[in-house]
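> Let chain W serve as the given structure and place chain E on it in line with the hints.
There are 2 protein chains.
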Amino acid sequence: EAMLALQGRNPVVQPLICNFHCCLKYCQTLKVHGVYLHLPPAYITSRVLNTIKPEKDVDGISDLNMGRLVRGDLSKGFVPPIASAVLDLLEKHGIHSDICSCNEISRAQTPKPVDQLAEEIGLLPEELEAYGRSKAKVRLSLLDRLHKQPDGKYVLVAGITPTPLGEGKSTVTIGLVQALSAHLKLNSFACLRQPSQGPTFGVKGGAAGGGYAQVIPMEEFNLHLTGDIHAITAANNLVAAAIDARMLHEATQSDKALFNRLVPSVNGVRRFSPIQISRLCRLGINKIDPASLTPQEVSTFVRLDLDPSKITWQRVVDTNDRFLRKITVGQASTEKGQIRETGFDIAVASEIMAILALADSLVDMKNRLARMVVGTSRSGQPVTAEDLGVSGALAVLMKDAIKPTLMQTLEGTPVFVHAGPFANIAHGNSSVLADKLALKLVGCDGFVVTEAGFGADIGMEKFFNIKCRASGLRPNVVVLVATVRALKMHGGGPNVSAGAPLPKEYIDENLSLVAGGCRSNLRKQIQIAQLFGVPVVVALNVFKTDTQAEIDLVCEIAKECGASNAVPCHHWSQGGRGSLELAQAVNEAASRPSHFKFLYNIEMPIVEKIRTIAQQVYGADDIELSPEAKAKIDYYNQQGYGSLPICMAKTHLSLSHMPDKKGVPTGFVLPIRDVRASIGAGFIFPLVGTMSTMPGLPTRPCFYDIDLDPVTEEITGLF
Amino acid sequence: EAMLALQGRNPVVQPLICNFHCCLKYCQTLKVHGVYLHLPPAYITSRVLNTIKPEKDVDGISDLNMGRLVRGDLSKGFVPPIASAVLDLLEKHGIHSDICSCNEISRAQTPKPVDQLAEEIGLLPEELEAYGRSKAKVRLSLLDRLHKQPDGKYVLVAGITPTPLGEGKSTVTIGLVQALSAHLKLNSFACLRQPSQGPTFGVKGGAAGGGYAQVIPMEEFNLHLTGDIHAITAANNLVAAAIDARMLHEATQSDKALFNRLVPSVNGVRRFSPIQISRLCRLGINKIDPASLTPQEVSTFVRLDLDPSKITWQRVVDTNDRFLRKITVGQASTEKGQIRETGFDIAVASEIMAILALADSLVDMKNRLARMVVGTSRSGQPVTAEDLGVSGALAVLMKDAIKPTLMQTLEGTPVFVHAGPFANIAHGNSSVLADKLALKLVGCDGFVVTEAGFGADIGMEKFFNIKCRASGLRPNVVVLVATVRALKMHGGGPNVSAGAPLPKEYIDENLSLVAGGCRSNLRKQIQIAQLFGVPVVVALNVFKTDTQAEIDLVCEIAKECGASNAVPCHHWSQGGRGSLELAQAVNEAASRPSHFKFLYNIEMPIVEKIRTIAQQVYGADDIELSPEAKAKIDYYNQQGYGSLPICMAKTHLSLSHMPDKKGVPTGFVLPIRDVRASIGAGFIFPLVGTMSTMPGLPTRPCFYDIDLDPVTEEITGLF
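Going line by line, the protein sequences match chains W and E.
According to this note's numbering, the stretch in the first sequence is residues 271 to 989, in order.
According to this note's numbering, the stretch in the second sequence is residues 271 to 989, in order.
For the record, the hints were derived by calculation from the structure and aren't laboratory data.
Accuracy of the hints is not assured; some may be wrong.
When chains are identical, the list treats them as one kind, so a pair holds in a single copy or across two.
[Unchecked claim] In the BS3-like style, the derived pairs of lysine-lysine whose C-alpha atoms are separated by at most 30 angstroms in a straight line are:
hint, residue 1, residue 2
1, K474, K526
2, K606, K931
3, K526, K774
4, K606, K455
5, K814, K474
All values derive from a computational prediction rather than experimental measurement.
Just chain W, same shape as in the assembly:
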């Protein structure tokens, strides 16, 4: 490990010591006076090196150039000091005890202090903002510091068409990085989505992985984390409040009164705020002296003239509150009868969440927030957040949320948790910024493993066509997650539902159902990945009930179907050690040339882009647009939104729009009920059927079992 012996009065090094007092390690051997200083890579500049005479007790410095030192330091950093603890855990619990004790496993493992983790992966102290002991936000200045650093390998984890039971993409993702870092000693980073509190307290429970492939502490991961979703909720609802208040004020005031209030005279002087000047520009009024506006210009400026029936902005809460799906607001007498019907979405369905996930800088996020369209004026003009004067405040509310949160896996390897846009009306992928930061940190031989929501037909397609377009990043490998259970269902097995006991087909060996699923849904999902020119590794997430014959059959057929490899994974019961085979397969596949290409040209007409996805990805014969959808597309073209990518809102339970059609449905026409647009996030989203944007609570929600011991502060029931 890189160490320097320092002279106390050294003018160059001393300031470093002050900067890095938290890296100071106490001198164990007192043969030299002074202290050993473990310097973060970026500080080993030639200037520093020149001030230090190579000495026998200085190892690995003088002959290293900076680039290589960064490498070396990172790889050192990624050696997981607590991997062995996991193995101890294994001994303690024994295989499969985990099925009922994810909580216990998480608690039995003590996370490294986050500042230690940060130092191990080469972050500078000033690039870290700790939130408690075990999580920290990472400042975006890191991107500038490492901009010369080559990117690592970029791996996407996607799945076959999921069953109601879920196939374990998150655990595969975490198991894979645990194997890469803790066992293959390759730098790697997992990039995960922050879970919504709605499902956590509703049906699904936590999302920190499970068994021996978890993010720890799982309570922190599943609760408020560093407050990003709360910030999104605050920002989203400030826009909503601004919309209704503005409509009320416009309805009850003259142009003159509005102008006097919007541009008040302060000590006898009227000035437009910068936000107001932007609006004037958009309106083609190039004046900066308020007094110079004509009455007509005043009226145009002060009246957004929002059409109440054409407001698309909804309020949000991060709670499963079904009674807010459709509501009437403004019924208090103070609102003077300005009532209207609207609704709440779950916070992660907010366009602001989609923006957080796609923004690649603070500037970019701020511009996207300003561009968000909240509704249409009576004259048919889009009204934006900036027109409401709220865009600056939104950027202020979101200034910390844009920094990814650093956590660790059960084996002490680094994880970024950042953003978590809804996967049905948004793109369902974690943030561009987290991926970019991680790719720099791992270096060119390292791996960043990121996860896409739902099946490959949805999450992966959006990852390639939307997220990769926004980021400019190119994936090297797709890991396609499958389970024997899900394959049996696609092969014709009976329906299952969460909670209900599994039919015996799913418990006993049944090779024909397995084969059927492999040759239908699995094959199709592999082909979809290949449309984008990226090699596919199939990861079979093994369950206790799977037989060796079933496992072998899946791997064999997967390779026939074009997967560059297919391996079983035992991360749940064995942690990284159980995913070694997968890690090797991914490492091997990543060394092959990848010929990534987009599915469609962004300049194609909206209808053509939709048809391309429907036919080539879903396997539809054609699409059918409702009159409403047609009208919307015309409107978007006329507004100049025609060259945005497409974000399909479709059920994830089938390749088609019919949730009960498993395997590979054919001979269907995809109906496009309506088309909407998220201008700030930057995509058009066609609605295929009705998408619920607000889950509900069951009769017995998870929260019945969630509890806190007020003495030990131990949390139970969060899975």
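Only chain E this time, still in chain W's reference frame:
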């Protein structure tokens, strides 16, 4: 400052070095090898001391016992290393430039790293949870460690009846601690309320103080802080979602179906969760085997049978969203016609916020959360959060919010920011826990200055009768804040309103108006404090336009009226230096014996408690109860809530219920329109007139001027 010279291999000290690597200071003089270690006081145990030979280069250790070291260290800690920087700021800006540059002043001052501040005030590293660089949560374990430490002096800052313009209680509070710590060298702590984002983006703007009496960084203070209000919002709305979902499920399922879902068979076994067993006990069903319940008992257990017209729980957002004051929910077809009218309050009006402010431990908070009554069953029984099965989850959501947040003033002195219950339907005081922690930290000669909302007739009365009852703490001094402007209004000056230009009476000298205000409202507010047996110091918050004659007159009359002292304050323009006189007056008053007594005996009938407050505090002839209020009081007595303290919901703009009646209104009867109860928070609140629990946005909200420079990350417009 306490320093030790350490031998590298010392078995006792070496672990400390690892714990406290962040305290390591590089050895400047290399005459001794090893490093200097600045040890936090609590670690200077006899065991440590014995291992260290007193040496000439070890100062101030060997002859100190631990207790004295803690003391010494605290006082050392409170010497503000950056006070001089404030004076530099003053030179730079010159007096009064601040009026338009609070932002600039805040930015010009660099806050100490919060871990340094924490060390200075005697916190151990493991008692701190940093949230970024400049704020941190403090763990409650501190209370146990310091339980033997005597409390400091306890000072309440209250105000005369406020004008629409506010009288500056917050700036007086901050100026006072800056003077006590940074200039009188007395340990002191300010305890402030966390501001709601609603007003911050609405009309009021920030609440971090102003001028040279601010909490810094003011942006952090005014935005998400450490997420407490967001946690309250999440917890409050989880309860709301649980209420409506439960009513829907009860309306659509048989007893048997409900029971099967609420107590599901897992691998053939049915078990009650602990929360369900608590409900069974309350129902008098002392059985733990689900199979043993009779059909009648099953029905009693599964049906909360909430009366939709008697649900008192509202949803909340931390946004000024007037259109949510009255809404209809459940209008989507999925809710099967179970629509009902309800509304949203601002988050700080949630009972959960009042609980956070009054809880004195995690256990206490959890019990209060479980006790919260959300509505009444059709048979008239109260239904609690625990009946809904959600109380454990609420405690989990609030587990971090209960830890106070440590920040600092412009002069580097410590501040706790914690809780901020609405002052009109709740008690409007910061948290019991923050005050208790601060009182231990400052030690017996130190001062804790806490602030009460609104005028003394409301905020101070609730501080004494509700907060002090909950905490068991006894105040030493009341600081009563007044301004010449407000006194003139109480003396008969014309009305003013925020934004509108001030009438000349408030700009030119007018001794008769000033005298009128002093002899009416100021005198009465002093008398109210004296009802509780606590000495009063009047703090006149001086404005540029005040003349010396006006200032002298106020101080003179205030003393005539029984104030133990009355002094002008110039903290806004001069920081702590401008509040030295106040600090001396408070220090002197605190040395006098205080004979604190409650205004009423908690066991008095509810009506008598209300009458006592109305007559003795407000000066009413009597009270008049509406039939509704009478009925509620009977119901609360019957439910056993009769011995809770009273939390009046009354306008803050007059001692009476009539906002326009300034000075000291007499000859009025106080009408009690309705009476409500917060059983978890633990008070009954009578409604005097209508209280808005959801502010609105004006035509031009503050957010028009709030902006973020995406390159420098500088925030503008947050005052």
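> Which of the listed hints are not met by the structure?
Hint check: 4 fails alone, others pass.
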